[in-house]
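K.L.:
Let the hints inform the model, and build the full structure from the sequences given.
Each chain, written out:
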Amino acid sequence: MFELKPMLSALWRNKISALLIALQLALTLAIVSNATVIVQDRLEKIARPTGIAVSDIISVTFMPVPVNYDMASAVAADLELLRNMPGVMDATVTNQIPLSGSGSASTYFTEPNQEIGGENANYYQTDEHFIDTLGLNLVAGRNFTRADFDVIGPNDTYEPRVAIITQKFADVMFPGEDAVGKFFYSGGDGKPREIIGVVERHLGAWPSWSKAGQVAFYPLLVTGNHKRYLIRTEPGQRDVVYKQIEEKLAERDPQRVIHLDTLSKKMAQSYVSDNVMVKVLSAVMTLLTFIVALGIIGLTIFWINQRSKQIGVRRALGATRANISRYFLVENTLIAGTGLVIGMAAAQVINHFMVNQFSQPALSMATLLICAAILLSVSVTAALAPAIRAANISPAMATRSV
Amino acid sequence: MIGYYISLAMRSLRGTPILSTLMIAAIAVGVGACMTVLTLNYMMSQNALAHKDDVLYAVQLDGWDPNEAADTANELPWQLTYQDATALLRSDIPTRQVAMHRFGFTITLDESEMRPFTADARITTADFFGLFDVPFLFGGTWNADADFSPVQQVVLSKATNDKVFGGENSVGKTINLNGEPFTVVGIIDHWNPSPKVYDLNNNPFADSEEIYIPFGLHRKFEIYSWGNTNGWSHSNEEGYEGFLQGESVWVQYWVELDTAAQKEKYEEYLTGYIRQQKEQGRFQRPLKFALSKPSEWLVLNEVLRDDNRVLGWLSLAFLLVCVVNAVALLLAKFLRKAPEAGVRRALGASRNAIFIQHLIESSCIGVLGGLLGILLSLLGLGGVRQLAMGRIDQIASMDWLMVLAAIGLAVLASLLAGLYPAWRISRTNPSIYLKTQ
Numbered sequence: 001m002f003e004l005k006p007m008l009s010a011l012w013r014n015k016i017s018a019l020l021i022a023l024q025l026a027l028t029l030a031i032v033s034n035a036t037v038i039v040q041d042r043l044e045k046i047a048r049p050t051g052i053a054v055s056d057i058i059s060v061t062f063m064p065v066p067v068n069y070d071m072a073s074a075v076a077a078d079l080e081l082l083r084n085m086p087g088v089m090d091a092t093v094t095n096q097i098p099l100s101g102s103g104s105a106s107t108y109f110t111e112p113n114q115e116i117g118g119e120n121a122n123y124y125q126t127d128e129h130f131i132d133t134l135g136l137n138l139v140a141g142r143n144f145t146r147a148d149f150d151v152i153g154p155n156d157t158y159e160p161r162v163a164i165i166t167q168k169f170a171d172v173m174f175p176g177e178d179a180v181g182k183f184f185y186s187g188g189d190g191k192p193r194e195i196i197g198v199v200e201r202h203l204g205a206w207p208s209w210s211k212a213g214q215v216a217f218y219p220l221l222v223t224g225n226h227k228r229y230l231i232r233t234e235p236g237q238r239d240v241v242y243k244q245i246e247e248k249l250a251e252r253d254p255q256r257v258i259h260l261d262t263l264s265k266k267m268a269q270s271y272v273s274d275n276v277m278v279k280v281l282s283a284v285m286t287l288l289t290f291i292v293a294l295g296i297i298g299l300t301i302f303w304i305n306q307r308s309k310q311i312g313v314r315r316a317l318g319a320t321r322a323n324i325s326r327y328f329l330v331e332n333t334l335i336a337g338t339g340l341v342i343g344m345a346a347a348q349v350i351n352h353f354m355v356n357q358f359s360q361p362a363l364s365m366a367t368l369l370i371c372a373a374i375l376l377s378v379s380v381t382a383a384l385a386p387a388i389r390a391a392n393i394s395p396a397m398a399t400r401s402v
Numbered sequence: 001m002i003g004y005y006i007s008l009a010m011r012s013l014r015g016t017p018i019l020s021t022l023m024i025a026a027i028a029v030g031v032g033a034c035m036t037v038l039t040l041n042y043m044m045s046q047n048a049l050a051h052k053d054d055v056l057y058a059v060q061l062d063g064w065d066p067n068e069a070a071d072t073a074n075e076l077p078w079q080l081t082y083q084d085a086t087a088l089l090r091s092d093i094p095t096r097q098v099a100m101h102r103f104g105f106t107i108t109l110d111e112s113e114m115r116p117f118t119a120d121a122r123i124t125t126a127d128f129f130g131l132f133d134v135p136f137l138f139g140g141t142w143n144a145d146a147d148f149s150p151v152q153q154v155v156l157s158k159a160t161n162d163k164v165f166g167g168e169n170s171v172g173k174t175i176n177l178n179g180e181p182f183t184v185v186g187i188i189d190h191w192n193p194s195p196k197v198y199d200l201n202n203n204p205f206a207d208s209e210e211i212y213i214p215f216g217l218h219r220k221f222e223i224y225s226w227g228n229t230n231g232w233s234h235s236n237e238e239g240y241e242g243f244l245q246g247e248s249v250w251v252q253y254w255v256e257l258d259t260a261a262q263k264e265k266y267e268e269y270l271t272g273y274i275r276q277q278k279e280q281g282r283f284q285r286p287l288k289f290a291l292s293k294p295s296e297w298l299v300l301n302e303v304l305r306d307d308n309r310v311l312g313w314l315s316l317a318f319l320l321v322c323v324v325n326a327v328a329l330l331l332a333k334f335l336r337k338a339p340e341a342g343v344r345r346a347l348g349a350s351r352n353a354i355f356i357q358h359l360i361e362s363s364c365i366g367v368l369g370g371l372l373g374i375l376l377s378l379l380g381l382g383g384v385r386q387l388a389m390g391r392i393d394q395i396a397s398m399d400w401l402m403v404l405a406a407i408g409l410a411v412l413a414s415l416l417a418g419l420y421p422a423w424r425i426s427r428t429n430p431s432i433y434l435k436t437q
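Chains as they are written, first to last, in full-length UniProt numbering: chain A, 1 to 402; chain B, 1 to 437.
Just so you know, the hints here were simulated from the structure itself, not pulled from any lab data. We treat Cβ as the ideally placed atom computed from N, Cα and C, and that holds for glycine. A couple of the hints might just be wrong.
Said to hold, decoys possible - DSSO-like mimics (lysine-lysine), calculated; alpha carbons at most 27 Å apart, straight line:
1) A:K309 x B:K265
2) B:K293 x B:K196
3) A:K45 x A:K279
4) A:K266 x A:K248
5) A:K211 x A:K266
6) B:K52 x B:K163
7) A:K248 x A:K265
8) A:K243 x B:K163
9) B:K293 x A:K266
10) B:K337 x B:K52
11) A:K265 x A:K211
12) A:K265 x B:K196
13) B:K263 x B:K196
14) B:K163 x B:K337
15) B:K337 x A:K15
What the hints assert, rightly or not - Among the chain B residues that face chain A by a calculated CB cut under 10 Å, a handful are:
16) V29
17) P66
18) A69
19) F136
20) D307
21) L329
22) V384
P.N.:
Given below as structure tokens:
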């Protein structure tokens, strides 16, 4: 019913052209499927929950000009001012801005004076407003109080007494146990830090870090030559508040340089290389599919023109329009199918190379089959218009110029 | 003859506008995508110190945790501790040597309306400018004794001098850094190597620093690095001095060794230094250090990341698909015009002449596709620059070499694509076509 035998012999006469189309589809499948896994991987990475109310937060970094600056009083006065601004929900002081790519990390242990077998965590020095400001979810224990808070100089030796940690860090340090009330230690050190609370999630400073989400917080202000604030605004008020902050802070104390950013921008900057990868690969995939489709259209039209006499003869001998269209569609499916089978093998080979050489994710069979199905439908769609046009060739063609 | 072939080719291209446009577009898109990615990779692989590649070395010492190697490509910490850096500075073997790190200051001027701003600073020894070939516009560097004692002098970048002093020769003038007066001793000319081979810890595509400060001011200003500070052991000493004498690494170190003998001598010196430190209970790991040339340093620090390589290969594969596409279309086009070729053969044209004529036709497509491809890759680079949020502004641009490469690539691709179709058409038997006319 599909006229396979005459079709194959016709294909054999045009074997180079058919082969070229199959080859294009094979290469396209190999590229598209491998690009798809990379894009999927990066999109999943970017979409991970941060645990933070990113879109409502503004970050401020400031550096005072005078040498002997009273940082502790300045921070207290600034926070008071910021928290009383209309549209501001809460504000906190911090040593680093979350999700920004800058931060501090340390190695922690469950036993005193341990030196090996520790776990890494990103840490922040902040105050009791950090949970509300960041929009974190306290799942166990309690928040810091003013009594927990200490102020020290940049060169003082100091060991925090209490800490709040993320659930992820708690699970790593005390698997299967309740972390609240437990103690942990800095390397080679015997001074215990009590875990007084656990927050559900905080992705930390480096979203691409393998240990992202392992975070500890201490109620501490280390006075230094610059400090940072995080400000959470009412939903939708961020941009209004943003415009006022620099002026308000400068009004209170002009002797400093102030730098503002939104947390959304900081986060976008941290994901910038992933985002470039996603966009460039998507553009490549789209263009590639488009070009291949154009190629198929061009070649199908050419074949039909070449065979218009034969089509006329078939129509004169009783073939219906549907027969003619179907012939070209089946022929196209045959070629595309062959190409895609070759492409599936090539995709696996290339993926093997990508995984080993460039530490990219592995290609799953499901993704490969979906990509192949999409390309097959693109190929058939591309052949559709020329195939329908072929059916319009008049039987009278058979009588001309024979 | 070639002129005639070209005019024939243009006529033939106009004869089949849709097919020709498709082919030109395929080559253009392939070349455009390829050149966008290859330009980025090419710019990222530049070595601004190539002319001194044989004499400059980044120094790494293994004084890391006895229990665990440093987590870097060659298992040596990228930077040195302050105490090791100041000890190495005492050696007189290298022609020049630099200990340095990143920092930042607020800048103000006395009796000026200028708004205070923060400037990226490099805290460095005086050899920095000579070792990295930094050109001076006015003045020069500070005296070498400022590397060990607190001397409040500063070298400004051209941009900073333009901003603060309106571009005049400001040597001898005073600016306030973190509220303290510093005397300007030199202004460097525009100098902005990318990748920033001398400091790859921080963004390798960032701009050069705005001010340069002597290395002898750490204790006076209690300076902590604004770059990475990595530690593995807790210092027992208190205060800032405890930090300086601790095991945290935060100082970048480069030496200039002009001869092989000098290098050998310096290697012996480093071996001796580590042995001596071992006796004092430091450097408990196996004796290991590294001297890396700028070119090796760029590779070690993975400036060209895996993602960039993936994109490079992918874009070449993309171009390959475009070439295969062009082969199919050219074949279709040439075979359609086979009767014409048949007539030319019958009139005495040789197979070679037919072959050359069709190759020229495909290279015309290549040139047109290449020109369009350059436009597309400029568009692509603009897009990537936008996406990268200012991180790679310096490198997302094409130089003349890349423009030539784009046209070359396009012509090569279309010649490759035209090879088989042109051969095929030159082999057809003219008599078939003559009969059906």
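K.L.:
Would you mind marking each hint as holding or not holding in the structure?
P.N.:
How the hints compare with the structure:
no., hint, in the structure
1, A:K309 x B:K265, "violated, 86 Å"
2, B:K293 x B:K196, "holds, 14 Å"
3, A:K45 x A:K279, "holds, 14 Å"
4, A:K266 x A:K248, "holds, 22 Å"
5, A:K211 x A:K266, "holds, 19 Å"
6, B:K52 x B:K163, "violated, 32 Å"
7, A:K248 x A:K265, "holds, 22 Å"
8, A:K243 x B:K163, "holds, 25 Å"
9, B:K293 x A:K266, "violated, 34 Å"
10, B:K337 x B:K52, "violated, 58 Å"
11, A:K265 x A:K211, "holds, 22 Å"
12, A:K265 x B:K196, "holds, 24 Å"
13, B:K263 x B:K196, "holds, 24 Å"
14, B:K163 x B:K337, "violated, 66 Å"
15, B:K337 x A:K15, "holds, 19 Å"
16, V29, "holds, 6 Å"
17, P66, "holds, 9 Å"
18, A69, "violated, 13 Å"
19, F136, "violated, 28 Å"
20, D307, "holds, 6 Å"
21, L329, "holds, 5 Å"
22, V384, "holds, 6 Å"
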